[in-house]
Each structure stands twice: as structure tokens, then as C-alpha cells.
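Participant: Protein chains in written order, with the working numbering: chain F, 15 to 119; chain S, 15 to 119; chain U, 15 to 119; chain B, 15 to 119.
Simulated from the structure, these hints should not be mistaken for lab results.
There could be a bad hint or two in this list.
Any copy will do: because identical chains look the same in the list, a pair fits if it lies in one copy or spans two.
[Claimed, not checked] Here are the computed lysine-lysine pairs in the DSSO-like style, where the Cα-Cα straight-line distance is at most 27 angstroms:
#1 K20 x K76
#2 K27 x K118
#3 K107 x K21
#4 K20 x K107
4 protein chains.
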Amino acid sequence: MSDSVKKISDDLKEFAIKRDWEQFHTPKNLSMALIAEAAELVEHFQWLTAEQSQALKDEQLKEVSYEMADIFIYLLRISEQLDIDLMSTTIEKMAINETRFLVKK
Amino acid sequence: MSDSVKKISDDLKEFAIKRDWEQFHTPKNLSMALIAEAAELVEHFQWLTAEQSQALKDEQLKEVSYEMADIFIYLLRISEQLDIDLMSTTIEKMAINETRFLVKK
Amino acid sequence: MSDSVKKISDDLKEFAIKRDWEQFHTPKNLSMALIAEAAELVEHFQWLTAEQSQALKDEQLKEVSYEMADIFIYLLRISEQLDIDLMSTTIEKMAINETRFLVKK
Amino acid sequence: MSDSVKKISDDLKEFAIKRDWEQFHTPKNLSMALIAEAAELVEHFQWLTAEQSQALKDEQLKEVSYEMADIFIYLLRISEQLDIDLMSTTIEKMAINETRFLVKK
Numbered sequence: 015m016s017d018s019v020k021k022i023s024d025d026l027k028e029f030a031i032k033r034d035w036e037q038f039h040t041p042k043n044l045s046m047a048l049i050a051e052a053a054e055l056v057e058h059f060q061w062l063t064a065e066q067s068q069a070l071k072d073e074q075l076k077e078v079s080y081e082m083a084d085i086f087i088y089l090l091r092i093s094e095q096l097d098i099d100l101m102s103t104t105i106e107k108m109a110i111n112e113t114r115f116l117v118k119k
Numbered sequence: 015m016s017d018s019v020k021k022i023s024d025d026l027k028e029f030a031i032k033r034d035w036e037q038f039h040t041p042k043n044l045s046m047a048l049i050a051e052a053a054e055l056v057e058h059f060q061w062l063t064a065e066q067s068q069a070l071k072d073e074q075l076k077e078v079s080y081e082m083a084d085i086f087i088y089l090l091r092i093s094e095q096l097d098i099d100l101m102s103t104t105i106e107k108m109a110i111n112e113t114r115f116l117v118k119k
Numbered sequence: 015m016s017d018s019v020k021k022i023s024d025d026l027k028e029f030a031i032k033r034d035w036e037q038f039h040t041p042k043n044l045s046m047a048l049i050a051e052a053a054e055l056v057e058h059f060q061w062l063t064a065e066q067s068q069a070l071k072d073e074q075l076k077e078v079s080y081e082m083a084d085i086f087i088y089l090l091r092i093s094e095q096l097d098i099d100l101m102s103t104t105i106e107k108m109a110i111n112e113t114r115f116l117v118k119k
Numbered sequence: 015m016s017d018s019v020k021k022i023s024d025d026l027k028e029f030a031i032k033r034d035w036e037q038f039h040t041p042k043n044l045s046m047a048l049i050a051e052a053a054e055l056v057e058h059f060q061w062l063t064a065e066q067s068q069a070l071k072d073e074q075l076k077e078v079s080y081e082m083a084d085i086f087i088y089l090l091r092i093s094e095q096l097d098i099d100l101m102s103t104t105i106e107k108m109a110i111n112e113t114r115f116l117v118k119k
């Protein structure tokens, strides 16, 4: 895992421990929290056209970016709880995708 | 953004361009794809107890890690499309959370 | 479809027409709105134990019931837009499930 | 609750009891199962335009209708477990919506 991602993950763990939240942070519960944040992202786009979703105003873009941060936060929390290296797993999954979805010449 | 995350994001963009998928990768569509992957993660845990979700067998842990990679992949794709720096936004959001959820002494 | 469900569905259509919302109520957009409501339901339960989720206090039970109403509302809206008879389709799907998940003797 | 909806709900309960699934059907777990089905609906639409989502081919329409049945099934299971009358709650919620979203003259 990259040092900067590792640093964020460690800080998130410390944040949870300080608040005595580790007891709630089971992978099951965290997956629910993650999808709830994903839905807040979806909500921003639900009544927009594809084009409008590409041209958000500053304020909405800021809100959208925070929803994405929340998704990333829960993704890192689950990774930490399950001892998964998110970065190397992603690189591995991308290699699989390369062979699954061949480029048409 | 960390160099390694930037590299993954660039590779994902190239992957999409090569397959002529950029036309489908609007933030709206990508948010739908992201939540569909988040739901595949949830599905792994839906009938498990909290304890079982913490003690996955190797094979299921592998599958779970790939679902998480898929979520991360779409998160990076949306970030790229909206020109959001996911890492710095996450650090910013964590600072907000520090002030929103105070530690009880 | 049962008369009472048909009545609700018709009222929902009229509600949307009066507000000029029909233009937004494509199946694609409605599926996003539905999952956003489903996530609000999930949010109520994410930090609860299984037992706590079975013993909600009156106020939370009321909120939960309204989230479920919202899900049902969007389900009926999509059914109407796609000309699907939700009741008979459900009965059909249950018959399929009977053969897919056999009872162990 | 309408008689036909009540009949479906009762049959679903019997289906679960016969398979000894009641132990897994807590509101928490069922909310996860419901959102997983909602995501399967979303998946059908994620790469489609709004117009394409309105003009599904027969086979895809059939699949979509079954995803919707699955959502309805879990909605009824949660209603039953929490002793919620989904129909009357929906009518109540629609009355609230009438006052929340006023018609512009």
C-alpha cells in the first residue's frame, strides 16, 4: 500500500478507537455504512441528465467530493478490518479485467 | 494525489479509452456502477453474523477483496471525470469529522 | 393487480403529472431514487445488532415505515412506467423460488 | 392491507419458515438483501440512456420485473417482521408528500 494511503488508513483507525467505535466497525456493519454513502452519491445524480452530471456547480461538486471521501473512508476501514491491501488488490483486479474485457482491434 | 493512486487512475482511464467506454463513463452512470459493486459487497455479508463477517474463509475473503477493488476502481473513475483529488478531499473530510464527532474525555 | 394497489399507483402517477415530474421519472432515474431510499432504510440498521433491529422504539419504527413507503412508491412508479403488474410478477417469481429452493425433509 | 397483498406476505412467511430461514430474516439482514436486489435493478439501467431504459426488450423487461418482485418480496418480509402495514403507511406517506411538495399553479 502506498505510504499516503497507509497513513489515512492508520488515522481512520485511531479516529475510531478514540471514539470507542471499533466495536461497531465489523465488516458487515461497515459494508452497510459504505452503501449508504454510495447512495448519497447516487442521490446527487438521480434527476440529472448525463450531461448535467458532468457539469456540476462548485457547491454541488464539493458535496459530491465529500460523499466520495466518505465512501473511500469506509473502504479503507473494511480493508483494515479484513487485512486487505486495497491498492495491490486493485492492481490485481485490473489485470484480471484486462483479460476479461479484450480490446477489439 | 499519491503517485501510486495517480498511476492506477491513469491506467483505468487508458483501459476505458481503449475499449471506447469513455462515452458511458459519465458521473451519473459511474455512480450507478459503484453502488452496484457496493451491493455485491453487502451481499457477501447479508446473512452472516457480525462475528462471521470478521472471520471470512480464504476464498470468500478473496472475492470480497475484488468487490472492494471494483468499488475503488469506480471511485477513481468518478474522481477523474470530475477532476476531484480523492486523497486530499478525504484528508479534508477527515478534518471535518474530527470537529463534528468530538472525543469524549 | 389488486384494486387498492392499482389505486395507489394511479394516485402516484397523478401526483407526478401535477408537479410536472413525469419527465424525470424514467426507469433509469427511478431505479436510482429507489436505491437511495433503500439506503435510508439500511442506514437505520447499520450500527444496530440483529436483536436491536427487531425491537425498534416507536419513533424509529415510524421513520423506518416511511422509508419503506418511499421504496414502495418508487417500485410502483417503475412498474407503471414499464407496464409491469407488480403483484402478478411477484406471485410468478415466488413460484420460481419454490422450485429453486427446495424444502429439505 | 389489501387481501391479495396480505396473502403474498403470508405465503412468504410460510416459505421462510419451511426452509428454516426465519432465523436469518431480521430487519437488519433483510434491509441488506433488499438493497442488494435494488442494485440488481440499477445494474440493468447503468449504461443505458434514459430513453433506452424506457424501451427495454422483452427478455430484459422480464428480468427487470423479477428484480422488482424480489425487492417487493423483501419489503413485505420486513413489513411482516416489524408489524408494519405497508399499504396504509404508504397512503399516509403520500398524504405527507402532498403537503411537502405543493403544486405550482
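Participant: Evaluate each hint against the coordinates.
Facilitator: Verification of the supplied hints:
Within a single copy, K20 and K76 get their C-alpha atoms as close as 24 angstroms, and across copies as close as 20 angstroms, so both meet the 27 angstroms cut-off. In this assembly of identical chains, the alpha carbons of K27 and K118 lie at most 27 angstroms apart only when taken from different copies (17 angstroms versus 44 angstroms within one copy). Taking the shortest alpha-carbon separations for K107 and K21, both the intra-copy value of 23 angstroms and the inter-copy value of 15 angstroms come in at or below 27 angstroms. Proximity of K20 to K107 under the C-alpha cut-off of 27 angstroms is found in both arrangements, the shortest distances being 20 angstroms within a copy and 17 angstroms between copies.
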